[in-house]
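If you read the sequences in order, they're chains E and P. My numbering numbers the first residue of the first sequence as 1 and each following residue consecutively. My numbering numbers the first residue of the second sequence as 1 and each following residue consecutively.
In this list, chains with the same sequence are indistinguishable; a pair is considered to hold if it fits within one copy or across any two.
Under the rule of at most 27 Å between Cα atoms (straight-line distance), these lysine-lysine pairs were calculated in the DSSO-like manner:
1. Lys46 with Lys5
2. Lys60 with Lys5
3. Lys46 with Lys145
4. Lys131 with Lys46
5. Lys145 with Lys60
6. Lys60 with Lys226
7. Lys201 with Lys178
8. Lys201 with Lys260
Hints in this document: simulated from the structure, not taken from any laboratory.
2 protein chains.
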Amino acid sequence: MRIIKDSTPAGDGFRMPGEFERHQGCIMIFPERSDSWQYGGYAARKAFVQVAESIARSEKVTVCASASQYDNARALLPDSVRVVEMSSNDAWARDYGPTFVKNDQGELRGIDWGFNAWGGLYDGLYFPWDKDDQMARKLCDLLDKDVYDKRDFILEGGAVHVDGEGTCMVTESCLLSKGRNPDMTRQETEEVLKKYLNVSKILWLPCGIYNDETNGHVDNICAFVKPGEVVLAWTDDKSDAQYGMSMACAEYLEKTADAKGRKIRVHKLPLPRPVTVTAQECQGLDACREKPARTPGERLAASYVNFYIANESIVMPGFGDPADEGAREILQGLFPDREVIQIYSRDILIGGGNIHCITQQIPE
Amino acid sequence: MRIIKDSTPAGDGFRMPGEFERHQGCIMIFPERSDSWQYGGYAARKAFVQVAESIARSEKVTVCASASQYDNARALLPDSVRVVEMSSNDAWARDYGPTFVKNDQGELRGIDWGFNAWGGLYDGLYFPWDKDDQMARKLCDLLDKDVYDKRDFILEGGAVHVDGEGTCMVTESCLLSKGRNPDMTRQETEEVLKKYLNVSKILWLPCGIYNDETNGHVDNICAFVKPGEVVLAWTDDKSDAQYGMSMACAEYLEKTADAKGRKIRVHKLPLPRPVTVTAQECQGLDACREKPARTPGERLAASYVNFYIANESIVMPGFGDPADEGAREILQGLFPDREVIQIYSRDILIGGGNIHCITQQIPE
Chain E
1 MRIIKDSTPA
11 GDGFRMPGEF
21 ERHQGCIMIF
31 PERSDSWQYG
41 GYAARKAFVQ
51 VAESIARSEK
61 VTVCASASQY
71 DNARALLPDS
81 VRVVEMSSND
91 AWARDYGPTF
101 VKNDQGELRG
111 IDWGFNAWGG
121 LYDGLYFPWD
131 KDDQMARKLC
141 DLLDKDVYDK
151 RDFILEGGAV
161 HVDGEGTCMV
171 TESCLLSKGR
181 NPDMTRQETE
191 EVLKKYLNVS
201 KILWLPCGIY
211 NDETNGHVDN
221 ICAFVKPGEV
231 VLAWTDDKSD
241 AQYGMSMACA
251 EYLEKTADAK
261 GRKIRVHKLP
271 LPRPVTVTAQ
281 ECQGLDACRE
291 KPARTPGERL
301 AASYVNFYIA
311 NESIVMPGFG
321 DPADEGAREI
331 LQGLFPDREV
341 IQIYSRDILI
351 GGGNIHCITQ
361 QIPE
Chain P
1 MRIIKDSTPA
11 GDGFRMPGEF
21 ERHQGCIMIF
31 PERSDSWQYG
41 GYAARKAFVQ
51 VAESIARSEK
61 VTVCASASQY
71 DNARALLPDS
81 VRVVEMSSND
91 AWARDYGPTF
101 VKNDQGELRG
111 IDWGFNAWGG
121 LYDGLYFPWD
131 KDDQMARKLC
141 DLLDKDVYDK
151 RDFILEGGAV
161 HVDGEGTCMV
171 TESCLLSKGR
181 NPDMTRQETE
191 EVLKKYLNVS
201 KILWLPCGIY
211 NDETNGHVDN
221 ICAFVKPGEV
231 VLAWTDDKSD
241 AQYGMSMACA
251 EYLEKTADAK
261 GRKIRVHKLP
271 LPRPVTVTAQ
281 ECQGLDACRE
291 KPARTPGERL
301 AASYVNFYIA
311 NESIVMPGFG
321 DPADEGAREI
331 LQGLFPDREV
341 IQIYSRDILI
351 GGGNIHCITQ
361 QIPE
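Hey, can you work out the whole structure from these sequences and the hints?
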């Protein structure tokens with residue numbers, strides 16, 4: 001593995017493909033952290049296994065497990081899934097797995113962004129995050145791909161979505177937050193994204209999902225289903241704090257064009273009713289930096305937008321909510337060639353994210 | 001990765017190729033253990049890096065490093081070498097890496113033998129050995145190869161050599177030692193080797209190198225250079241304890257034919273003068289199970305036979321001994337199409353083995 005410091009993907013003719021383009025595989029991390037996953041992570045691991053199984057039907061899944069969880073991961077996951085030993089601080093392959101870029105000859109490279117647990121010492125979620133921050137390089141090494149070193153720029157994979165045709169979508173609340181790159185202007189941030197993802201237009205949604213502890217990652221509120229079309233998490237309940245947030249995003253998208261000058265078509269994806277964590281669930285979480293990891297009644301950032309686009313399926317969250325079926329039908333309509341697989345994901349959500357957050361595609 | 005329990009390589013049409021057949025790569029493990037490698041392993045790691053670099057000139061080398069050594073391994077090894085995180089108890093890829101078998105269609109599978117640190121609680125060298133014992137499976141998983149589960153049979157890779165044409169060579173002192181499979185007869189042991197390596201004839205050398213703490217692995221005393229031809233570690237010094245041992249092996253080979261009925265041609269490879277460990281070296285080793293790991297003056301099992309056959313080179317030990325050059329010339333004569341690279345390997349030898357012990361080929 002060569003670590004590339006003196007050139008950029010755009011300069012070298014590499015671009016980040018859209019998630020809906022063909023994959024050779026998917027990376028996941030086996031959950032274990034006792035202040036993220038209640039009751040020793042048993043329920044979370046079951047849900048992760050379901051996600052891995054579903055994706056593995058149409059692409060090769062590699063699951064990273066710690067030395068102590070390797071045997072257990074191997075026992076719970078199907079033979080078709082590859083398990084490799086790799087240590088981490090938690091299980092968010094989207095956020096600290098490599099961002100892959102590809103050139104016209106089909107060569108693949110990774111980008112290693114800096115990672116600081118969603119805000120570092122300012123408003124990050126845990127400390128330390130050293131093992132997470134190593135993963136992008138380690139995964140590129142494992143896959144025998146060269147990697148761009150951009151560790152001087154803090155970014156998580158869930159903070160960006162691209163259409164593969166020159167457009168990148170982010171949120172202001174995340175990318176301009178004080179815990180990321182406080183010394184950089186919006187303009188400078190745009191320049192990095194343009195050079196590394198090889199895009200020419202950044203769509204700046206104002207915010208993400210209410211109470212999303214990632215400072216509002218775009219991948220929980222809005223996702224491309226194809227170039228020029230997005231799904232946006234939505235509620236019609238004006239009394240919900242989310243209402244104004246989703247409305248602000250819709251209004252922004254309404255008046256903005258993508259890199260190709262196309263007006264963006266917005267499909268509203270209704271949210272489930274507010275999902276809150278129970279006292280019983282909180283009891284099963286170890287303390288995080290001497291404080292309770294969650295408090296009973298705390299609202300979780302539940303959203304159907306947090307789905308993964310696999311080669312032949314959409315793997316999407318379900319919450320046991322009356323809206324589950326409608327959300328599934330909307331996505332099935334938008335992805336007619338893929339089977340929509342809905343997985344009950346409350347046990348992933350309690351950890352702080354959902355299916356998109358725990359997966360990272362490797363383009364073909 | 002599928003774990004195969006209900007069939008054997010021979011039954012499935014798989015055989016272990018000779019080391020001189022073409023490889024797709026080589027596995028190594030980064031040394032770290034403080035009671036094996038003096039003074040924190042600095043000198044050993046330098047020697048391992050030289051070995052990896054040499055092999056990497058003609059095949060892909062994968063080095064397994066612990067989480068804490070990953071960054072250091074990445075920094076010391078060239079870009080062309082792949083570094084993966086994998087935990088182990090020590091650094092002997094030959095002995096607990098998978099033994100690979102291959103079928104006529106070119107499909108590759110691994111064999112996962114039981115490993116008990118060269119003798120378990122009877123006369124093993126350290127405790128515990130759980131991480132070593134996991135490595136064969138983990139490496140097969142990493143390489144996406146199915147693996148035969150033969151963990152009920154204790155064997156190290158360095159305890160067997162094959163010619164790829166039906167012959168396997170072992171030592172009685174190792175395979176019949178009380179710390180391996182004490183409830184099995186010689187006949188039963190032969191049956192396992194025949195079924196798993198797909199061989200029809202076992203050559204039983206009586207012993208290995210004097211004071212070799214592996215109970216005399218064959219790979220330190222005798223190695224195939226091609227079917228029908230071996231090199232045998234040799235001394236003409238009748239006062240040396242090794243004299244009778246090498247003579248006994250020569251006499252055995254003299255009167256024995258291989259699987260194809262060929263008389264075996266023996267090339268004598270003179271040993272260096274006895275190599276003993278110094279007080280200064282012993283001081284740099286942590287205690288092992290409350291006892292000194294080595295004692296000053298202890299004779300080490302130095303032998304030029306412990307070389308690795310890479311695709312385009314022979315990577316062989318050197319000891320700074322007058323015999324180094326002669327040994328190099330003999331091997332160069334026997335492998336005219338490969339460049340012989342001699343590496344000063346005292347710092348590997350102090351750990352208890354040599355270049356063949358720290359490498360494991362992956363057939364093409």
